[in-house]
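Taken in order, these protein sequences are the chains called A and B. Numbering of the first sequence is given in this note's numbering, commencing with residue 1 and proceeding in unit increments. Numbering of the second sequence is given in this note's numbering, commencing with residue 1 and proceeding in unit increments.
No lab work stands behind these hints, which were simulated from the structure alone. Please read all numbers here as calculations on a predicted model, not as lab measurements. Glycine included, C-beta positions come from ideal geometry on N, C-alpha and C. Check each hint, because a few of them may be wrong.
Chain A regions said to be covered by chain B (calculated; three or more residues, Cβ under 8 Å) [as the list claims (entries may be wrong)]:
hint, segment
1, 152-161
2, 209-221
3, 278-287
Anything over 10 Å on all C-beta distances counts as not near chain A; from chain B, calculated [what the hints assert, rightly or not]:
hint, residue
4, Val-22
5, Glu-27
6, Pro-36
7, Thr-45
8, Glu-56
9, Ala-111
10, Asp-133
11, Ala-168
12, Ala-220
Number of protein chains: 2
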Amino acid sequence: MIAVDWGTSSARAYRLAPDGAVLARREGAGGILRVPEGGFPAALTEMVGDWLADGETRVLLAGMVGSRQGWQEAPYLACPAGLDALAGAVVPVPFPGAAVRLVPGLSAEDAAGTPEVMRGEEVQVVGALARPDEDALICLPGSHAKWVRVAGGRIAGFTTHMTGEAFAALKDHTILGRMMTGTAEAGPAFAAGVARSAEGGGLLHHLFGTRTLGLFGRLAPEDAASYLSGLLIGHEVAAALTGGAALAGGAVLAGGGARVEPALVRPLVRLVGSGPLMALYGRAIALKGGEAVPGDPDAAARGLALIGERIQWA
Amino acid sequence: MIAVDWGTSSARAYRLAPDGAVLARREGAGGILRVPEGGFPAALTEMVGDWLADGETRVLLAGMVGSRQGWQEAPYLACPAGLDALAGAVVPVPFPGAAVRLVPGLSAEDAAGTPEVMRGEEVQVVGALARPDEDALICLPGSHAKWVRVAGGRIAGFTTHMTGEAFAALKDHTILGRMMTGTAEAGPAFAAGVARSAEGGGLLHHLFGTRTLGLFGRLAPEDAASYLSGLLIGHEVAAALTGGAALAGGAVLAGGGARVEPALVRPLVRLVGSGPLMALYGRAIALKGGEAVPGDPDAAARGLALIGERIQWA
Numbered sequence: 001m002i003a004v005d006w007g008t009s010s011a012r013a014y015r016l017a018p019d020g021a022v023l024a025r026r027e028g029a030g031g032i033l034r035v036p037e038g039g040f041p042a043a044l045t046e047m048v049g050d051w052l053a054d055g056e057t058r059v060l061l062a063g064m065v066g067s068r069q070g071w072q073e074a075p076y077l078a079c080p081a082g083l084d085a086l087a088g089a090v091v092p093v094p095f096p097g098a099a100v101r102l103v104p105g106l107s108a109e110d111a112a113g114t115p116e117v118m119r120g121e122e123v124q125v126v127g128a129l130a131r132p133d134e135d136a137l138i139c140l141p142g143s144h145a146k147w148v149r150v151a152g153g154r155i156a157g158f159t160t161h162m163t164g165e166a167f168a169a170l171k172d173h174t175i176l177g178r179m180m181t182g183t184a185e186a187g188p189a190f191a192a193g194v195a196r197s198a199e200g201g202g203l204l205h206h207l208f209g210t211r212t213l214g215l216f217g218r219l220a221p222e223d224a225a226s227y228l229s230g231l232l233i234g235h236e237v238a239a240a241l242t243g244g245a246a247l248a249g250g251a252v253l254a255g256g257g258a259r260v261e262p263a264l265v266r267p268l269v270r271l272v273g274s275g276p277l278m279a280l281y282g283r284a285i286a287l288k289g290g291e292a293v294p295g296d297p298d299a300a301a302r303g304l305a306l307i308g309e310r311i312q313w314a
Numbered sequence: 001m002i003a004v005d006w007g008t009s010s011a012r013a014y015r016l017a018p019d020g021a022v023l024a025r026r027e028g029a030g031g032i033l034r035v036p037e038g039g040f041p042a043a044l045t046e047m048v049g050d051w052l053a054d055g056e057t058r059v060l061l062a063g064m065v066g067s068r069q070g071w072q073e074a075p076y077l078a079c080p081a082g083l084d085a086l087a088g089a090v091v092p093v094p095f096p097g098a099a100v101r102l103v104p105g106l107s108a109e110d111a112a113g114t115p116e117v118m119r120g121e122e123v124q125v126v127g128a129l130a131r132p133d134e135d136a137l138i139c140l141p142g143s144h145a146k147w148v149r150v151a152g153g154r155i156a157g158f159t160t161h162m163t164g165e166a167f168a169a170l171k172d173h174t175i176l177g178r179m180m181t182g183t184a185e186a187g188p189a190f191a192a193g194v195a196r197s198a199e200g201g202g203l204l205h206h207l208f209g210t211r212t213l214g215l216f217g218r219l220a221p222e223d224a225a226s227y228l229s230g231l232l233i234g235h236e237v238a239a240a241l242t243g244g245a246a247l248a249g250g251a252v253l254a255g256g257g258a259r260v261e262p263a264l265v266r267p268l269v270r271l272v273g274s275g276p277l278m279a280l281y282g283r284a285i286a287l288k289g290g291e292a293v294p295g296d297p298d299a300a301a302r303g304l305a306l307i308g309e310r311i312q313w314a
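Start from the sequences, fold in the hints, and give me the full structure.
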C-alpha cells in the first residue's frame, strides 16, 4: 500500500509492506497549496507514479488533502473515533489504475461547546499508540499544536493551541521581534519564559516583559526568542495539562489501572512529531511537572497502515 | 506654556493658559519616528513656532520624545511617583529662545519583579485624577494598554498588556485574518469573545476557536474581528482586574474609606483615551463585573499643566 500524509505545505509518501513496515519514504514536491485546481491526480502520479507502475494498487491519503481546499472534501468524523471508525469513513476519489481513499479529519467540542477540528493528526495519534486499547495524552507540537485524549484506543477529544503561529506573528510583526536574534532553544532563557508563564498578569502582560527585560539588559537579544517561546509554550502546556488531567482523569494519566490521588500524579505526555519543537515541548512539560516521552517518529505511516488494514478496498 | 504629547507615531501640541486651560490645540506632522537625526529643534519650531513668536517661553514635552530614539533620553523615574517627583525630574534640552523640558517616563516592577515602563501615559494619569490625593485604577487602552494603580495621588505601579499589537499581528499575519471582514465593534460577537475568555483552555486555545466557529458557520466573517477583540481584551481585563484589585485592595477600589468585603466590590476603572477602543474596553470591563467611567479627554494637557506649575523653570 502507498500512504501519503499530505498537508498544507508539505507531503510525505510511504511505501508500506503488508505488515505495515516502511519499505520506502520520500518528500513530495509540496503541500496542497502548490497543487493547481484539478491537479491532484497528476500531483499524486508525480509523487508515487513509479511505485504504482511497480504494482501498488492501493493509496491512502490523510491531511489537508481531504479538506475543501484539497482534492475532495472528506467530511469531519465526530469524536470519539478510533481505527474502525476512521477506516469506515474513508472517502474514495477517482483515479485511474488504483484505489485511492481519503481519511476524514476529526471534529470534537471542547468542554464549553466550541468546535475543534484536525486533519492528519488523527493518523499520527492512532499510529502512536502502544496498545490498541490504550489510554493516553498525546501532544503534537506545531503551528496549531494539538493535545489529544485517547481512551480505550479511541480519540475521545482534543484541543488546539495556536502557539506556533502566534509565536511567528509576534516575532515577525510586533515590536518584540526588533530585539531578537537567533532561534528558540530549550536553554535557561526558555526555562525563564516557562517559569514566567506561571505568574500572575496573563499572557498579554507577560509578552511585554520580553521587551522590558531586554530594555533593562536582563534578556540578551540572542535569548529573546527562547524566552518568548517559553512564555507561549508554557501557557499552552499549563492549560493543556490542567484540561487534560481534568478531562481524562488522574488515574488514567498515571498510565495504569491503579487508583492514584490526582494531586500525586505526574502527567505522562506522549510527544509526536519531529524537529526543534520536540525539545522545547519536552522541556516545558517537565518544568510544568509532567513527563514527556517521545512517540514513534513514523507514527503517520503506522497509523495509515493500521487504517488501511481495516478498509474494505474492493 | 506650551505642552506637547509627542509619541512614536503622532504629536499633539497644546497652548495653555496660566490656569491650565487649553487655549489652542493642534496635531503635529508626525511622531518621533518621522524626525531625522538632530531634527527635533526644527520639528518643534515647525509645530509651535507661531506660539513661540507670540511670546511663549516655556515648553514641556512628554512621551517617546524623551526616549533613546527621541530628542534626548530622560531616564525613567521609579514608582511610586506623583506630580512633584515628575516635576523634579524633568530634563532640560537646549533650544534657542525658550526653556524646553522633557518629562521622564516611569518604571516599576510587577509583583514578580519583571520591569515595566511607560512614557507619556504618566501625564495622562496625573491629569485624569479628580483629586490630588486620589486612589484610583486607571486603564489606558492602546497597542500597549496600561493599567495604573494610583494611591494617594501618586502612581504606585502599573502593568502593560500588548493586547492591541497582538490583535493586529494575529489579524493581519495569521490564518485568523483570512476569514475576517470589517473592524471590531462592541456588539454581541465582542461579548461572546469576552465570555469565552472566562472559560478553560487558555488564550492560545481560545484563538483557534475564532477559526473553528467560522468553519462551522457559527461566526460570520463580519463578526470575527469583534470576537477576536473580545477574546483578547477579555483576557486582559480579567487579569488586570484580578491583579489591580489584589494589589490596590478592595476597599480602595470601592472609592471610599468604608471597609468593604472585597468580594462585594465592583471595581471602578477610569478609562483614559479616545477612539473606538474606549467602547470596547468599557463593554469588557462591565461584562467582567467592573464599572468603567470615562476620564478627561484632555488628560494629557491637564497633566502637563499640573507638572508645569511645579517646575523650577528659572
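Cross-check of the supplied hints:
Note: the segment 152-161 of chain A has 3 residues with beta-carbon separation from chain B under 8 Å; the three-residue rule is met and the coverage holds. Counting residues of the segment 209-221 of chain A whose beta carbon lies closer than 8 Å to any beta carbon of chain B gives 6, which reaches the threshold of three, so the coverage claim holds. Residue count for the segment 278-287 of chain A with a Cβ under 8 Å from a Cβ of chain B: 0. That is fewer than the three needed, and the coverage hint is violated. Distance check for Val-22(B) against chain A: the nearest CB is about 31 Å away, which clears 10 Å, and the non-interface claim stands.
The Cβ of Glu-27(B) sits about 23 Å from the closest Cβ of chain A, beyond the 10 Å cut-off, so the non-interface label holds. No Cβ of chain A comes within 10 Å of the Cβ of Pro-36(B); the nearest lies about 20 Å off, and the non-interface call holds. Listed as a non-interface residue, Thr-45(B) keeps its Cβ farther than 10 Å from every Cβ of chain A; the least gap is roughly 30 Å. Listed as outside the interface, Glu-56(B) is consistent with that label: its C-beta sits roughly 34 Å from the nearest C-beta of chain A, beyond the 10 Å cut-off.
Taking the minimum C-beta to C-beta distance to chain A, about 6 Å, the non-interface status of Ala-111(B) is violated against the 10 Å cut. Residue placement check: Asp-133(B) keeps its beta carbon more than 10 Å from all beta carbons of chain A (closest about 28 Å). Remark: the non-interface label on Ala-168(B) conflicts with the geometry, its nearest Cβ contact in chain A lying 8 Å away (cut-off 10 Å). The beta carbon of Ala-220(B) is kept farther than 10 Å from every beta carbon of chain A, the shortest such distance being approximately 15 Å.
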